[in-house]
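Visitor: Join these two chains into a complex; the hints should help.
Those protein sequences? They're chains C and W, same order as listed.
Residue numbers are given in this note's numbering: position 42 of the first sequence equals residue 42, and the series is strictly consecutive.
If you want this note's numbering, it's the 1-based position in the second sequence plus 115.
Rather than coming from a laboratory, the hints here were simulated on the basis of the structure.
One or more hints might be untrue.
[As the list claims (entries may be wrong)] What follows is a set of in silico ranges between Cβ atoms, one per label pair, in the way DEER data are often shown:
| no. | chain 1 | residue 1 | chain 2 | residue 2 | range |
| --- | --- | --- | --- | --- | --- |
| 1 | C | I40 | W | K315 | 37 to 45 Å |
| 2 | C | E8 | W | W326 | 34 to 42 Å |
| 3 | W | F295 | C | I50 | 38 to 46 Å |
| 4 | W | K121 | C | P90 | 36 to 44 Å |
| 5 | C | M81 | W | D292 | 21 to 29 Å |
| 6 | W | K221 | C | E8 | 17 to 25 Å |
| 7 | W | I188 | C | E113 | 51 to 59 Å |
| 8 | C | I40 | W | N206 | 16 to 24 Å |
| 9 | C | E8 | W | V125 | 13 to 21 Å |
| 10 | C | C76 | W | K321 | 39 to 47 Å |
| 11 | W | F295 | C | E113 | 52 to 60 Å |
[What the hints assert, rightly or not] Within a straight-line C-alpha distance of at most 27 Å, the following computed DSS-like cross-link-like pairs (lysine-lysine) qualify:
| no. | chain 1 | residue 1 | chain 2 | residue 2 |
| --- | --- | --- | --- | --- |
| 12 | C | K68 | W | K267 |
| 13 | W | K305 | W | K321 |
| 14 | C | K70 | W | K274 |
| 15 | W | K274 | W | K218 |
| 16 | W | K121 | C | K17 |
| 17 | C | K68 | W | K305 |
| 18 | C | K12 | C | K103 |
| 19 | C | K72 | C | K91 |
| 20 | C | K91 | W | K298 |
| 21 | W | K194 | W | K315 |
| 22 | C | K70 | W | K301 |
| 23 | C | K70 | C | K91 |
| 24 | W | K218 | W | K192 |
| 25 | W | K221 | W | K194 |
| 26 | C | K68 | W | K301 |
| 27 | W | K121 | C | K108 |
| 28 | W | K121 | C | K103 |
| 29 | W | K298 | W | K274 |
| 30 | W | K305 | W | K274 |
| 31 | C | K91 | C | K68 |
| 32 | W | K305 | C | K91 |
| 33 | C | K68 | W | K298 |
| 34 | C | K72 | W | K267 |
| 35 | W | K301 | C | K91 |
| 36 | W | K305 | C | K70 |
| 37 | W | K301 | W | K329 |
| 38 | W | K298 | C | K70 |
| 39 | W | K222 | W | K194 |
| 40 | W | K121 | C | K68 |
All residues carry an ideal CB built from backbone N, CA and C; glycine is no exception.
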Amino acid sequence: MHEYPVTEQIIKIASEKAKENNAIKVCHIALVVGEHSGFIGESIQMYFDIISRGTICEGAILEIENIKAKWKCPLCDITYMRQPYSFACPKCGQDGLPTNIGKEFYIKSIEVEVP
Amino acid sequence: MTNIEKIDVVQDIYEENDRIALETKESLEKVGVFVINVMGSPGAGKTSSIINIIRSMPEESFYVIEGDIESDIDTIKLKELGINAVQINTNGACHLDAPIVQKYAKKIDMDKPGILFIENIGNLVCPAEFRIGEHIKMLICSTAEGSDKPYKYPLAFEKANIILLTKCDLKEFVDFDDDFFRKGIKGLNKTAPIFEVNAKTGEGFKEVVEWIRKNR
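Isolated chain W, as found in the complex (with noise of 0.2 Å):
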């Protein structure tokens, strides 16, 4: 004879990812390392973002984790301009997890303070529902992509805390927006700081760099 019972749970599933994350930005604090969450399409200009940003620190250290389903072009690219990377292949998995970024946080030489960067897959969908480690989180969305994005991959904005809208330069060629695009973030964040940038001329990174010196 066996019993039915009902046991109330309430346990977020997210638990044991957010406390991997947790540890692994802790064990980076302590070494001085600040940890920023790069979010956004595929082909939206992460990378691109990233080695402006970095060009523009100097008396900075950098650290990347690259994180793609497949290649590891990104990390060549880095690597050649001596950036210390290491790319993370999911081989179909759609976001980096806690786990994962552990993992691979762990085979990056941190031996100076500085910031750590992890690219996250181009998907402007489930990256920003698993905290990965971050201090922050940057989202990186571009012209060519329509500035109806806020709207229809809502999550996204609402999360970050500092915006890039990038590809500047297209905004004629491809009808953006402006008002729309803000429209759509300050319904969703009303702390995020938007920045134009150009990465192909460096434009407007002397602003993001600012804020980023300012904030972390």
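With the rest of the complex left out, here is chain C (with noise of 0.2 Å):
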């Protein structure tokens, strides 16, 4: 359920940006998801498959790249990714702060059939 609604967005875009290029179909669509985005790549592939019936995009490939998220330890100027239950710097031990690295939700590119 949760994921219908964005991949109805996703479906939107992506043929609004094929329309704007005179394309007659989308072959492929690179979407770039964070760990903590909420949205699971296989669930949003499932859904993909059946609002893009009889669309421009039916048929495209989703590929999804995943990013892993990361905090940001102030002191050290480093990022690094948080182990279980700690959200401290492997550097200096202190509470680092979250990042928006790990909560990206969009389309990064797609390919198109143009005649």
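Guide: Below, the structure is given as structure tokens:
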């Protein structure tokens, strides 16, 4: 249920971009999905196959690039992946802060067929 | 003969949702309405906290949009207390999004400046991902849920502007580990204040209300 409306949005954006470029078919969609975006690639793919039927996106291959979430230590100025039950910087041991790395959720590019 | 062309897009999938959320926020701002997105698990005490805050601010006008998968139990409860409320039933969807909130916000006659609570679907996951037109996000977490929640559901704690720890009278019965809970939040969010409350007695809500008055 959760991925359904966002998948509709992916098809809408890809279709609009394809039409702007006079394309007749979308063959490939490159998506960037952060670990903390809350969306699961496989689930998007399942809805995509259903919702895209009869649209310019039907049959397109979804390529999903997953991004791991990273924290930033303001003292050491490094980014790192956190350990379970901890937010500590691996260098100094102080708690860092969440960053936007891992929250991505966007269409990077599409490949289209043009006559 | 057809050719394959690559088109760079780099477009956020939330863009349309965020545009509508901003529209709602700005239109409510014009009539002096401050919007609070209330998030939390089912049974955390979202409605009870809303009622306590409303009771503690008699000078203010309040409006409530209640989000639930099914039923209008909470809306009936609020209306019986004389609170202007409307119900959204998502029929399965796990969170509110900007388009549905915009539609229902138009159904409440917000004739005076005040505060609009939008009680999101009881869920500690998806509501944190969608802007719905709020000025602030209020996270309600109860002691009975356990002190490990910031570690298990980090995004909700990270995005919150204010956190209410409810059912504080149950702490001793559920072995609530205060330090572990606060340490988890600190690793995710260094600015949101944490208020300990008890909706049954109204304890702790005075401080919550003071914070809202200062930050609206």
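Visitor: Compare the structure with each hint and give your call.
Guide: These are the hints, each one checked on the structure:
Checked against the hint of 37 to 45 Å, the C-beta distance between I40/C and K315/W comes to roughly 39 Å, which is consistent with it. For the pair E8/C and W326/W, the supplied restraint of 34 to 42 Å holds, since their beta-carbon distance comes to about 38 Å. For F295/W and I50/C, the Cβ-Cβ distance of about 43 Å falls inside the hinted range of 38 to 46 Å, so the restraint holds. Separated by about 38 Å at the C-beta atoms, K121/W and P90/C satisfy the suggested range of 36 to 44 Å.
Our hint of 21 to 29 Å for M81/C and D292/W holds, since their Cβ atoms are close to 25 Å apart. Our hint of 17 to 25 Å for K221/W and E8/C holds, since their Cβ atoms are close to 23 Å apart. Checked against the given bound of 51 to 59 Å, the beta carbons of I188/W and E113/C, roughly 52 Å apart, stay inside it. With their beta carbons about 22 Å apart, I40/C and N206/W fall inside the hinted range of 16 to 24 Å.
Against the hinted window of 13 to 21 Å, the Cβ-Cβ separation of E8/C and V125/W comes to about 20 Å, which satisfies the hint. Distance hint check: the CB atoms of C76/C and K321/W are about 41 Å apart, consistent with the given range 39 to 47 Å. Checked against the given bound of 52 to 60 Å, the beta carbons of F295/W and E113/C, roughly 55 Å apart, stay inside it. The straight-line distance between the Cα atoms of K68/C and K267/W is roughly 16 Å, inside the 27 Å bound, and the hint therefore holds.
As the CA atoms of K305/W and K321/W are separated by approximately 22 Å, the hinted pair is consistent with the 27 Å bound. Distance hint between K70/C and K274/W is fulfilled; the C-alpha atoms sit about 16 Å from each other, no more than 27 Å. For the proposed pair K274/W and K218/W, the alpha carbon gap of about 24 Å is at most 27 Å, so the pair holds. For the hint pairing K121/W with K17/C, the CA-to-CA distance comes to about 11 Å; that is within 27 Å, so the pair holds.
This hinted pair checks out: K68/C and K305/W have alpha carbons roughly 22 Å apart, not beyond 27 Å. Restraint check for K12/C and K103/C: the C-alpha separation of about 21 Å stays at or below 27 Å, so the hint holds. As the CA atoms of K72/C and K91/C are separated by approximately 11 Å, the hinted pair is consistent with the 27 Å bound. The suggested pairing of K91/C with K298/W holds, with an alpha-carbon distance near 19 Å, which does not exceed 27 Å.
Simply put, K194/W and K315/W have alpha-carbon atoms about 19 Å apart, close enough for the 27 Å limit, and the pair holds. Straight-line distance between C-alpha atoms of K70/C and K301/W comes to about 16 Å, which keeps the hinted pair within the 27 Å bound. At roughly 14 Å between alpha-carbon atoms, K70/C and K91/C fall within 27 Å of each other, so this suggested pair holds. Straight-line distance between C-alpha atoms of K218/W and K192/W comes to about 22 Å, which keeps the hinted pair within the 27 Å bound.
Only pairs whose Cα atoms come within 27 Å are accepted, and K221/W paired with K194/W is accepted, the gap being roughly 18 Å. Between K68/C and K301/W, the direct Cα distance comes to roughly 21 Å. Compliance with the 27 Å bound is thereby established for this hinted pair. A threshold of 27 Å between alpha carbons decides the hint, and for K121/W with K108/C the separation of about 11 Å falls inside it, so the pair holds. Restraint check: the Cα-Cα separation between K121/W and K103/C comes to about 25 Å, which is no more than 27 Å; the hinted pair holds.
Among the hinted pairs, K298/W with K274/W is consistent with the structure: their alpha-carbon atoms are about 16 Å apart, no more than 27 Å. Simply put, K305/W and K274/W have alpha-carbon atoms about 11 Å apart, close enough for the 27 Å limit, and the pair holds. Between K91/C and K68/C the alpha-carbon distance is near 19 Å, which keeps this suggested pair within the 27 Å criterion. The hinted pair formed by K305/W and K91/C meets the criterion: a straight-line CA distance of about 20 Å does not exceed 27 Å.
Under the criterion of a C-alpha separation no larger than 27 Å, the hint pairing K68/C with K298/W is consistent with the structure, at around 22 Å. Straight-line distance between C-alpha atoms of K72/C and K267/W comes to about 19 Å, which keeps the hinted pair within the 27 Å bound. Annotation: proposed proximity of K301/W to K91/C holds, straight-line Cα distance about 18 Å (limit 27 Å). Restraint check: the Cα-Cα separation between K305/W and K70/C comes to about 17 Å, which is no more than 27 Å; the hinted pair holds.
The hinted pair formed by K301/W and K329/W meets the criterion: a straight-line CA distance of about 22 Å does not exceed 27 Å. Between K298/W and K70/C, the direct Cα distance comes to roughly 18 Å. Compliance with the 27 Å bound is thereby established for this hinted pair. A threshold of 27 Å between alpha carbons decides the hint, and for K222/W with K194/W the separation of about 15 Å falls inside it, so the pair holds. Proximity of K121/W to K68/C is assessed by CA-CA distance (about 26 Å); at most 27 Å being required, the pair is judged to hold.
Every hint from the earlier list agrees with this structure, and none is contradicted.
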